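Novice: Now for the letters of each chain:
There are 2 protein chains.
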Amino acid sequence: MPSNLKLSRRTERVTGSLIRDILQLTQKPGVISFAGGLPAEQSMPALAFDALADGHRQYGPSEGEPSLRESIAARLGALGIDADAAQVLVTSGSQQGIDLVGKLFVDEGSTVVLEAPTYLATIQALKVYGAEFHGLPLTADGIDPDALRHAIMERRPAFAYLIPTFQNPSGACYGTEVRREVARVLDETGVPLVEDDPYRDVAFEACERTPICAYLKRTPWIYLGSFSKITAPGLRIGYLASSPVLFPWLVRLKQASDLHTNRIGQAWLAHFLESAEFDTHLERLTGLYRERRDTMQESLQRHFGGLAHWQAPAGGLFFWVRLLHERDTLALLQTALKHDVAFMPGDPFFPGAEHRYPALRLNFSHSDPTRIEQGIAVLGQLMQTGEPETHSGFAPPTCSSLAAG
Amino acid sequence: MPSNLKLSRRTERVTGSLIRDILQLTQKPGVISFAGGLPAEQSMPALAFDALADGHRQYGPSEGEPSLRESIAARLGALGIDADAAQVLVTSGSQQGIDLVGKLFVDEGSTVVLEAPTYLATIQALKVYGAEFHGLPLTADGIDPDALRHAIMERRPAFAYLIPTFQNPSGACYGTEVRREVARVLDETGVPLVEDDPYRDVAFEACERTPICAYLKRTPWIYLGSFSKITAPGLRIGYLASSPVLFPWLVRLKQASDLHTNRIGQAWLAHFLESAEFDTHLERLTGLYRERRDTMQESLQRHFGGLAHWQAPAGGLFFWVRLLHERDTLALLQTALKHDVAFMPGDPFFPGAEHRYPALRLNFSHSDPTRIEQGIAVLGQLMQTGEPETHSGFAPPTCSSLAAG
Numbered sequence: 001m002p003s004n005l006k007l008s009r010r011t012e013r014v015t016g017s018l019i020r021d022i023l024q025l026t027q028k029p030g031v032i033s034f035a036g037g038l039p040a041e042q043s044m045p046a047l048a049f050d051a052l053a054d055g056h057r058q059y060g061p062s063e064g065e066p067s068l069r070e071s072i073a074a075r076l077g078a079l080g081i082d083a084d085a086a087q088v089l090v091t092s093g094s095q096q097g098i099d100l101v102g103k104l105f106v107d108e109g110s111t112v113v114l115e116a117p118t119y120l121a122t123i124q125a126l127k128v129y130g131a132e133f134h135g136l137p138l139t140a141d142g143i144d145p146d147a148l149r150h151a152i153m154e155r156r157p158a159f160a161y162l163i164p165t166f167q168n169p170s171g172a173c174y175g176t177e178v179r180r181e182v183a184r185v186l187d188e189t190g191v192p193l194v195e196d197d198p199y200r201d202v203a204f205e206a207c208e209r210t211p212i213c214a215y216l217k218r219t220p221w222i223y224l225g226s227f228s229k230i231t232a233p234g235l236r237i238g239y240l241a242s243s244p245v246l247f248p249w250l251v252r253l254k255q256a257s258d259l260h261t262n263r264i265g266q267a268w269l270a271h272f273l274e275s276a277e278f279d280t281h282l283e284r285l286t287g288l289y290r291e292r293r294d295t296m297q298e299s300l301q302r303h304f305g306g307l308a309h310w311q312a313p314a315g316g317l318f319f320w321v322r323l324l325h326e327r328d329t330l331a332l333l334q335t336a337l338k339h340d341v342a343f344m345p346g347d348p349f350f351p352g353a354e355h356r357y358p359a360l361r362l363n364f365s366h367s368d369p370t371r372i373e374q375g376i377a378v379l380g381q382l383m384q385t386g387e388p389e390t391h392s393g394f395a396p397p398t399c400s401s402l403a404a405g
Numbered sequence: 001m002p003s004n005l006k007l008s009r010r011t012e013r014v015t016g017s018l019i020r021d022i023l024q025l026t027q028k029p030g031v032i033s034f035a036g037g038l039p040a041e042q043s044m045p046a047l048a049f050d051a052l053a054d055g056h057r058q059y060g061p062s063e064g065e066p067s068l069r070e071s072i073a074a075r076l077g078a079l080g081i082d083a084d085a086a087q088v089l090v091t092s093g094s095q096q097g098i099d100l101v102g103k104l105f106v107d108e109g110s111t112v113v114l115e116a117p118t119y120l121a122t123i124q125a126l127k128v129y130g131a132e133f134h135g136l137p138l139t140a141d142g143i144d145p146d147a148l149r150h151a152i153m154e155r156r157p158a159f160a161y162l163i164p165t166f167q168n169p170s171g172a173c174y175g176t177e178v179r180r181e182v183a184r185v186l187d188e189t190g191v192p193l194v195e196d197d198p199y200r201d202v203a204f205e206a207c208e209r210t211p212i213c214a215y216l217k218r219t220p221w222i223y224l225g226s227f228s229k230i231t232a233p234g235l236r237i238g239y240l241a242s243s244p245v246l247f248p249w250l251v252r253l254k255q256a257s258d259l260h261t262n263r264i265g266q267a268w269l270a271h272f273l274e275s276a277e278f279d280t281h282l283e284r285l286t287g288l289y290r291e292r293r294d295t296m297q298e299s300l301q302r303h304f305g306g307l308a309h310w311q312a313p314a315g316g317l318f319f320w321v322r323l324l325h326e327r328d329t330l331a332l333l334q335t336a337l338k339h340d341v342a343f344m345p346g347d348p349f350f351p352g353a354e355h356r357y358p359a360l361r362l363n364f365s366h367s368d369p370t371r372i373e374q375g376i377a378v379l380g381q382l383m384q385t386g387e388p389e390t391h392s393g394f395a396p397p398t399c400s401s402l403a404a405g
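Listed in order, the protein sequences are those of chains E and C. Numbering follows this note's numbering, in which position 46 of the first sequence is assigned residue number 46; successive positions increment by one, without gaps. Numbering follows this note's numbering, in which position 20 of the second sequence is assigned residue number 20; successive positions increment by one, without gaps.
So that you can see chain E by itself, here it is in the shape it has in the complex (with noise of 0.2 Å):
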């Protein structure tokens, strides 16, 4: 780098995101890759966009197109939340979100508190803004609404960063006391709630959903919002919707950000959410996945007995294996990469040191059945034999380029 550039002190915190690394490596054909949360190609809706394309061309309003903004917020309405369309902002995907709340809130050294583990992408994307993190420690029930109140009095956060259903990467999902608990403490001590909930359509199971939003009385909220999951993740239309003291400063730094999001996007997605199709295709996408996670299950009976520990999730797309030894687990993928099976490694899903232990995130929406089994065999025998031999010329990446994350 020419020694007079200055960059901005951000960038001494920007790190690659460790997704995207791994993914580039498994776009190699035969990769058989349970590391990204990529939806299956097979359970995407069909995409028409011709009828409406010609009426979104002109430049639009940067809150979003009307018509999706009303559904989204009927939507958030039968959940309990209480929202009209004048707080539901359209973001170019659920990342977008993430980035506006960084914005928001975090100066330097401001502490958000979240779940350790939790979402990867959030970590890399409010470091950006100087964020430093407490974590609290998972169950499957959530977390423990006394550390929450504990941490927030030690640490006094800008925010607390929960995904309370079919938590990424964990699969956690709080129960029903647990949410209305962590309202509580939160409306008690007065931190906002970013709540995040991109995988709630993505249910296997009956369970409890109710956002924490819904709970709350009185701290100010941002719930985000997604479509990737059940859609087409390439349209990157994503949504939050704040309490309405946010809602001004949310509008204005979405503009600022890139004026508004793509109109096709929203006008097909508005189009699609009301028809008749969307609860057969989600019905469909849900059964699909389903039928995945068992066969994953199977698998990891078959081939990680004695080895870990996990449940299967009720929804979402992820199983959090947790492993029984200490073990490199980015040593681990290196070698499985050479066998042509790629994971996420657990480390770099927890926000700092404090309550880490080696664990693997699998995905198993985008595999079907026969590799998904191929795949946990090849994984559950390097897991028990440590380095087998290796037999394919495919250069693994180096510790360092995938520590990037």
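Since the hints were derived computationally from the structure, they do not count as laboratory data. Fair warning: there could be bad hints in the mix.
Which copy is meant is left open, because identical chains are indistinguishable; a pair holds if it fits in one copy or across any two.
[As the list claims (entries may be wrong)] Below, in silico cross-link-like pairs of lysine to any residue (SDA-like), each with a Cα-Cα straight-line distance of 25 Å or less: (1) Lys6 to Glu132; (2) Lys338 to Thr295; (3) Lys217 to Gln42; (4) Lys338 to Leu25; (5) Lys28 to His56; (6) Lys28 to Pro66; (7) Lys6 to Asp107; (8) Lys28 to Pro248; (9) Lys338 to Glu326; (10) Lys338 to Glu277; (11) Lys6 to Gly352; (12) Lys6 to Glu108.
Computed from a prediction, not measured in an experiment: that's the story for all the values here.
Given chain E, work out where chain C should sit, using these hints.
Specialist: Chain C in isolation, oriented as in the chain E frame:
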């Protein structure tokens, strides 16, 4: 706002977009708006996505679709910019490019050297990151390279932001010698150049349009391009190219911002740029806008004689009308809105108080010739007579809401 709610210091610098606030006011049917930079609906190509759509539903690369990046790199090569497809990043509109530039370069208190006047939304987007500005006065031939050198020595800026071709708002187009000299100053001082070039294809007369980036030999650069003015802004597809030293940072910041830009729009655009149709389309579009420019020129001559100086622009979408006498242009706008005519007051285009003078920015791309003549006649009359009688029930915005930009 709840007393214990802590937002980032950044939010103290967030301002709304005056342009968008005014655009909202101009939604009222019947308003003749010279305010925004909206392309004419009839200038836009018909969109046909459906053949491409289902192949672009999945997540895509953060850098953009390979076919579009190749096509952009070829176009940049033809302009003399030495960049291959690996240096091209597709953005969610050119506005996102400006936001990424802010993320990359700007800390609280960083100085940016730019033209005075300059693009309003750039001032707003960079301010969010804490930028301070040093404005350089503009002539029809561009900035004074010696003034640039002096500003660099005095302020040690993080980068220079320039719009050398059909500058917004002034319409200035830098001459060849100025372009070369500016490049020399930047190369000698090592200050990075951010060159914003959204209007280059909207050219009515042969004139110098070689990007300054093409003249640079050493200093790092970022070139920002847009398709919004020549295709359909609702798609939200722009791009940047940069020197290799900056590119990996920009990709990572893009990943953290929204993962990638919507793929359907990219796929369509890649197809359209390579089609035989594209050149015909551009010729039709520039023909349409040339006619409107000529109409506005004649209308201004008829109604603004003795009131202002202006030069018919050789390209772009705006007249920049410099008033001969001090005038409160915000108050003028309020009066004009009562008469259903909108324009952009000049003040917000100045990054600071220095070099400021009273001016109006008038867009000619969005109104047909009849309405251009009607609207300019109204403005000319208001300029001549001061406050004419109010006859409309339309409530004008308050000064404070307009001043929010």
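Novice: The structure should be examined with respect to each hint, and the outcome stated for every one.
Specialist: Against the structure, the hints come out as follows:
1. Lys6 to Glu132: Classified as both; 24 Å inside a copy, 15 Å across copies.
2. Lys338 to Thr295: For lysine 338 and threonine 295, only the intra-copy Cα distance (24 Å) is at most 25 Å; the inter-copy one is 67 Å.
3. Lys217 to Gln42: neither (41 Å within a copy, 49 Å between copies)
4. Lys338 to Leu25: within (11 Å within a copy, 60 Å between copies)
5. Lys28 to His56: between (37 Å within a copy, 18 Å between copies)
6. Lys28 to Pro66: between (41 Å within a copy, 16 Å between copies)
7. Lys6 to Asp107: both (20 Å within a copy, 10 Å between copies)
8. Lys28 to Pro248: between (44 Å within a copy, 22 Å between copies)
9. Lys338 to Glu326: within (22 Å within a copy, 73 Å between copies)
10. Lys338 to Glu277: Answer is neither: 42 Å inside a copy and 47 Å across each miss the 25 Å cutoff.
11. Lys6 to Gly352: Answer is between; shortest inter-copy Cα gap is 24 Å, intra-copy 29 Å.
12. Lys6 to Glu108: Classified as both; 18 Å inside a copy, 13 Å across copies.
In terms of the numbered hints stated before, the structure departs from hints 3, 10, listed from lowest to highest.
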